[in-house]
Amino acid sequence: MTQPFLEIDGLAKRFPGSKGEQLTVFENVNFDIQKGEFVCIIGHSGCGKSTIMNVLAGLDEPTEGVVTMDGKEVSGPSLDRGVVFQNYSLLPWLTALKNVMFGVKARFPTWSKEKVEEHSYAYLRMVGLTNGAEHRKPSQLSGGMRQRVSIARAFATQPKLLLLDEPFGALDALTRGTIQDELLKIWQDSGQTVFMITHDVDEAILLADRILLMSNGPFAEVAESVVIDIPRPRKRAEMIHHPAYYKIRNHLVDFLSRRSGEIAASPREQSGGRRQPLTVRPGADDEKPTPDAERVRPHLVSLAG
Amino acid sequence: MTRSYDFRALALTIVILVVALGAWELSTNTQILPGAGEMTEYERLMGGGSQNAGVPAPSAVMQKAWEELSDPFHNTGANDKGIGIQIAYSLMRVLSGYALAALIALPVGFLIGMSPLMFRALDPFIQVLRPISPLAWMPLALFIIQDSEASSIFVIFICSIWPMLLNTAFGVASVRKDWVNVARTHELGPVKTAFQVILPAAAPTIVTGMRISIGIAWLVIVAAEMLVGGTGIGYYVWNEWNNLDLTSVIFSILMIGVVGMALDAAFGRLQRAVTYTE
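Chains as they are written, first to last, in numbering that gives the first Met the number 0: chain A, 0 to 304; chain B, 0 to 277.
Treat the hints with care, since some could be wrong.
To be verified - A few chain B residues facing chain A, derived, Cβ under 10 Å:
hint : residue
1    : Arg175
2    : Ala182
3    : His185
4    : Lys191
5    : Ala200
6    : Thr274
Claimed, not checked - Sample of chain A residues with no beta-carbon within 10 Å of chain B, all distances over it, derived:
hint : residue
7    : His118
8    : Glu165
9    : Gly260
These are computed hints drawn from the structure, not numbers from a lab.
Here a beta-carbon is modelled for each residue, glycine too, at the ideal position from N, C-alpha and C.
Work out the full structure, taking the sequences as your base and the hints as a guide.
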């Protein structure tokens, strides 16, 4: 097997507690992402999703573990990894266009001003921000439009990996749906590798190839990797009639409401080595777990022991 | 709606002005002068008035203003320079002292804002030096610099440095982490981060500090020039007081106010230009 595009190996984050002890947010986090894959991660607040995202972005350092992208170890932020934050992170003194140009200029410093502007316009058009809206400052744009600018900036810099930290968390349901569709379309056209945090189960099923499920913190882990066996292109309205949809959805909701807590409460094993999360395909026709999953089933082992 | 509101405010301003000026005019006119024939020798010597010299009426001040402003740059000797020349001297001192202060306060403020260590290290010095009245530096400045002109510029420098320094440090220190992260994820170097992200983000706070500083500098220059003498609007006020020309004193007080307002308005405009809404 060839080396995966992105490899997360034995990641852990610990903070010194008030009494000198170590507080572990998460540990033993291992997973891979293939090139062009859209992977979502879901978990309750406090499980360290955002910390994992910040480690991938190079904005935060893990206590243990290594992230390897394209065969190189990730250290520090890089334009190879574009980030869209939940709070948009647009520079408020620049117009929408200038915000995108800011990213493009940083990415392609040798380009002429015309080329930078043309390239930025193209990506703003892609998210439907034209007709004068591109000359407005973020404060004069709605939340949805701001997030569109943010997405345009991230795609315009053409990173190898796109990191989305709950990008639609602050949007109303209607706007959220529209932008999800746009994101899906842009992703299909660009073949971008995407790693995204979300709280929204339906959003994850619509967008992702694979959903990583995290158990509750402290001592959170990536417990399962759920493959979404729903063919693309996916349409929100048609997707809910697909036989796999509710199987997957029920599996996810069951994990979040019940099993994420149970796993956190179960005794932890102190085994070394790289444990991949259990791969499950709740939407597949035969309900048997894949051979890959049979090989490593850490939580069944830990419950038995 | 807003237009009629503006109009009402303006109308009210004019009414208050007219009433105030009218009251002032009336209160100065109540002093009825006795006929020249009834005056004693002493009274004639004293200009025919009572022993308590009256405050000049607004009409007299306006007449004086007209006289002075119709020829603001006349120069007929050390004690008779036009108001324009005096103000120009003061402005020149204020602006050179202020520019020197900005030259030091802005970079040092940036440094302090970026580095909590430097902030802790320099804080005691700032806290001790800041509350010192700028005029208290005057004797030391005169002794060391041995030049009254440079000393008054130094006094302006020392009084306008603190608000700029502290506001720059505060503005830089409180730039939102998200924006710094945007710079980091775009691989911006320290210089580009400083100029493209931190400076525009902190600009409203920095300009607020600069606006406070120019206001203080203009307050202090009047006092400094009264002390140092020679030229300038502060010297002019004191000189006219020595001449017992209260009309000129009131006129120059008003001019100090007008120039101060203009300086503040200029920085207000700059402030609006750099302000952004999140």
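Status of the hints after comparison with the structure:
no., hint, result
1, Arg175, "holds, 9 Å"
2, Ala182, "holds, 9 Å"
3, His185, "holds, 4 Å"
4, Lys191, "holds, 8 Å"
5, Ala200, "holds, 7 Å"
6, Thr274, "holds, 9 Å"
7, His118, "holds, 15 Å"
8, Glu165, "holds, 14 Å"
9, Gly260, "holds, 32 Å"
Violated hints for the displayed structure: none, as all numbered hints are satisfied.
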